[in-house]
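Protein chains: 2
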Amino acid sequence: MISNQEQGTIASSEMKASQPDLKFDLSAYLASRKAQVEAALERSMPIVYPEKIYESMRYSLMAGGKRLRPILCLAACELAGGTSDIAMPTACALEMVHTMSLIHDDLPAMDNDDYRRGKLTNHKVYGEDIAILAGDGLLAYAFEYIVTCTHNVLPKNLLEVVARLGRAVGAAGLVGGQVVDLESEGKTDVALETLNFIHTHKTAALLEASVVCGAVLADAPEADRQRLVRYSQDIGLAFQIVDDVLDITATQEALGKTVGKDLQAKKVTYPSIWGIEESKRQARQLVEKAKSELSVFGEAARPLQAIADFITARTY
Amino acid sequence: MISNQEQGTIASSEMKASQPDLKFDLSAYLASRKAQVEAALERSMPIVYPEKIYESMRYSLMAGGKRLRPILCLAACELAGGTSDIAMPTACALEMVHTMSLIHDDLPAMDNDDYRRGKLTNHKVYGEDIAILAGDGLLAYAFEYIVTCTHNVLPKNLLEVVARLGRAVGAAGLVGGQVVDLESEGKTDVALETLNFIHTHKTAALLEASVVCGAVLADAPEADRQRLVRYSQDIGLAFQIVDDVLDITATQEALGKTVGKDLQAKKVTYPSIWGIEESKRQARQLVEKAKSELSVFGEAARPLQAIADFITARTY
Numbered sequence: 573m574i575s576n577q578e579q580g581t582i583a584s585s586e587m588k589a590s591q592p593d594l595k596f597d598l599s600a601y602l603a604s605r606k607a608q609v610e611a612a613l614e615r616s617m618p619i620v621y622p623e624k625i626y627e628s629m630r631y632s633l634m635a636g637g638k639r640l641r642p643i644l645c646l647a648a649c650e651l652a653g654g655t656s657d658i659a660m661p662t663a664c665a666l667e668m669v670h671t672m673s674l675i676h677d678d679l680p681a682m683d684n685d686d687y688r689r690g691k692l693t694n695h696k697v698y699g700e701d702i703a704i705l706a707g708d709g710l711l712a713y714a715f716e717y718i719v720t721c722t723h724n725v726l727p728k729n730l731l732e733v734v735a736r737l738g739r740a741v742g743a744a745g746l747v748g749g750q751v752v753d754l755e756s757e758g759k760t761d762v763a764l765e766t767l768n769f770i771h772t773h774k775t776a777a778l779l780e781a782s783v784v785c786g787a788v789l790a791d792a793p794e795a796d797r798q799r800l801v802r803y804s805q806d807i808g809l810a811f812q813i814v815d816d817v818l819d820i821t822a823t824q825e826a827l828g829k830t831v832g833k834d835l836q837a838k839k840v841t842y843p844s845i846w847g848i849e850e851s852k853r854q855a856r857q858l859v860e861k862a863k864s865e866l867s868v869f870g871e872a873a874r875p876l877q878a879i880a881d882f883i884t885a886r887t888y
Numbered sequence: 573m574i575s576n577q578e579q580g581t582i583a584s585s586e587m588k589a590s591q592p593d594l595k596f597d598l599s600a601y602l603a604s605r606k607a608q609v610e611a612a613l614e615r616s617m618p619i620v621y622p623e624k625i626y627e628s629m630r631y632s633l634m635a636g637g638k639r640l641r642p643i644l645c646l647a648a649c650e651l652a653g654g655t656s657d658i659a660m661p662t663a664c665a666l667e668m669v670h671t672m673s674l675i676h677d678d679l680p681a682m683d684n685d686d687y688r689r690g691k692l693t694n695h696k697v698y699g700e701d702i703a704i705l706a707g708d709g710l711l712a713y714a715f716e717y718i719v720t721c722t723h724n725v726l727p728k729n730l731l732e733v734v735a736r737l738g739r740a741v742g743a744a745g746l747v748g749g750q751v752v753d754l755e756s757e758g759k760t761d762v763a764l765e766t767l768n769f770i771h772t773h774k775t776a777a778l779l780e781a782s783v784v785c786g787a788v789l790a791d792a793p794e795a796d797r798q799r800l801v802r803y804s805q806d807i808g809l810a811f812q813i814v815d816d817v818l819d820i821t822a823t824q825e826a827l828g829k830t831v832g833k834d835l836q837a838k839k840v841t842y843p844s845i846w847g848i849e850e851s852k853r854q855a856r857q858l859v860e861k862a863k864s865e866l867s868v869f870g871e872a873a874r875p876l877q878a879i880a881d882f883i884t885a886r887t888y
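Chains A and B are the protein sequences, given in the same order. If you read the first sequence in my numbering, its first letter stands for residue 573, the second for the next number, and so on. If you read the second sequence in my numbering, its first letter stands for residue 573, the second for the next number, and so on.
Keep in mind that the hints are not guaranteed to be accurate.
Identical chains share a label here; the pair holds if one copy fits it or two copies do between them.
To be verified - When the alpha-carbon atoms are kept at most 30 Å apart in a straight line, the in silico DSSO-like pairs for lysine-lysine are as follows:
1) 759 to 595
2) 624 to 696
3) 759 to 624
4) 696 to 606
5) 624 to 839
6) 838 to 624
Bear in mind the hints are in silico, worked out from the structure with no lab data behind them.
Only chain A is shown next, with the shape it has when bound in the complex:
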């Protein structure tokens, strides 16, 4: 995909200066990593009694998606000199946590969505009670899974992963972002500062945890962790800006979810503040900044740099 950016809605000649190495095939990389992650997720959750809750958790966990968070975790671990093996349990846990947030966000008391990734949402299939419990179960299991299934990692680093993941999900992260998002609904005077708070917490916090936890598992030095923090905050915000743009420009079929929801809900978004073109420019600028953070790693940074480009190039 990234090797043919001209097809991307947000690609532009501005990006050519730092065009990623054309020999690096990101499509193939993402496809292979996605398959690897899905095989691991498949193994992570056997169905036992009481079957219904495991089926409900698996239904959403195995419902597809880009698996971006696990892939970022694996890539960051390798960048920092680790193997994908030591990062795979954390990669799976990140997807469990992300899935929890989607299940709970879709509930009638929250965004009230019937479809997600082209499939019925969890509560439409299993009922609200089971959907709430499936989210709780996924969140709790994520922490258990990291600790019981990770091998060959220093205990102090594994503890840091637990702390970072907890923080990324809780009121200082995802939950806090969701609360401000709910409070801002229907308001037309939401400040850019508030919008940034929502997305640095609702989206970027977990992306940051994905990248930084990968590096922590590989025992990366502090300076490298800080570079990866900045990289992930930039791509996290760029990711959300592009999401807002796509909500306006993409078709429902391509997006796999209801489009134009933000407009219908009169939500303040980046395009509603900046317009579509300026939003695309800001996203591109963030991606360039993110990539420059990684230049010190040389060739080893190719996957993460290509993933940054992919964020602004994606059309769905």
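Position chain B relative to chain A; hints supplied.
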């Protein structure tokens, strides 16, 4: 309370053989420990932006209750030679997790309760969306809090605490028990085996984690951990049997929640299978078994033995 068991609804002459040391004042012990735990909980959760979610989490976290899980954790840690200081962050985390389960259980999609401990339930005050998020936030914070606030504990033991807590809350614990409980509602032919599954998961799993995590923090040897596992499974089940009995025999004022709910909901309970007297006898027998597991610890086991007695002696 325990020093005057004759006033307890479930106390009986059978218990006199193993009457706890009258010099040990359990009332004073519980009151002092509860104050200590509540001070720590108070400090654990400052209110920052976005205030609403922290207020919501604190509302339920500080809503009272016996603080049985934290107290068990502190007592087990001391029994195994540790200090209450090293166990306090885990003790607080156990209460956060317990509070999460109460908030989510009370939701309209679940038990639909308006009152808890004599106060409006979380969603009645803050709305369903915030209540769902408050539960998620408490659960995530529990893990972060254990890792970032525990000092002077071996990293491997702290990792075991995280794993045990995760397991106790997830589908293999509390969530799994709740699912089977929901599935059994309205059924009049629920087997004793199913009822045991519900309560060993919904109640006993977290009590077990409370006790065993305390011992793990103190680096207790495996044989001692196993004794404490058996102790806590027995008191966990006894606790639930007594709860079922109290749902029939106690007054609403004393219980602080709607009574007779099980009867109204036609729920199968221990008294509905065994009758009230046999239920009391079974609870007493479990408590005796639990206490005998601890005899090897001598004097050091007094708090945990007195807590076991307290479970069958309580009248509210």
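Check your understanding: Is it within, between, both, or neither for residue 759 and residue 624, if the alpha carbons may be no more than 30 Å apart?
Key -> Classified as between; 17 Å across copies, 39 Å inside a copy.
Check your understanding: Can you tell me if residue 838 and residue 624 fall within 30 Å by alpha carbon in one copy, between copies, both or neither?
Key -> Close across copies (23 Å), not inside one copy (37 Å); limit 30 Å.
Review point. What label fits residue 624 with residue 696 when the C-alpha limit is 30 Å: within, between, both, or neither?
Key: both (14 Å within a copy, 29 Å between copies)
**Study point:** Identical-chain pair category, residue 624 with residue 839, by Cα at 30 Å
**Key:** between (36 Å within a copy, 20 Å between copies)
Review point. With identical chains treated as interchangeable, where does the CA-CA distance between residue 759 and residue 595 reach 30 Å or less: within a copy, between copies, both, or neither?
Key: neither (47 Å within a copy, 63 Å between copies)
Check your understanding: Under a CA distance limit of 30 Å, which applies to residue 696 and residue 606: within one copy, between copies, both, or neither?
Key -> within (26 Å within a copy, 42 Å between copies)
When each numbered hint is compared with the structure, a violation occurs for hint 1 only.
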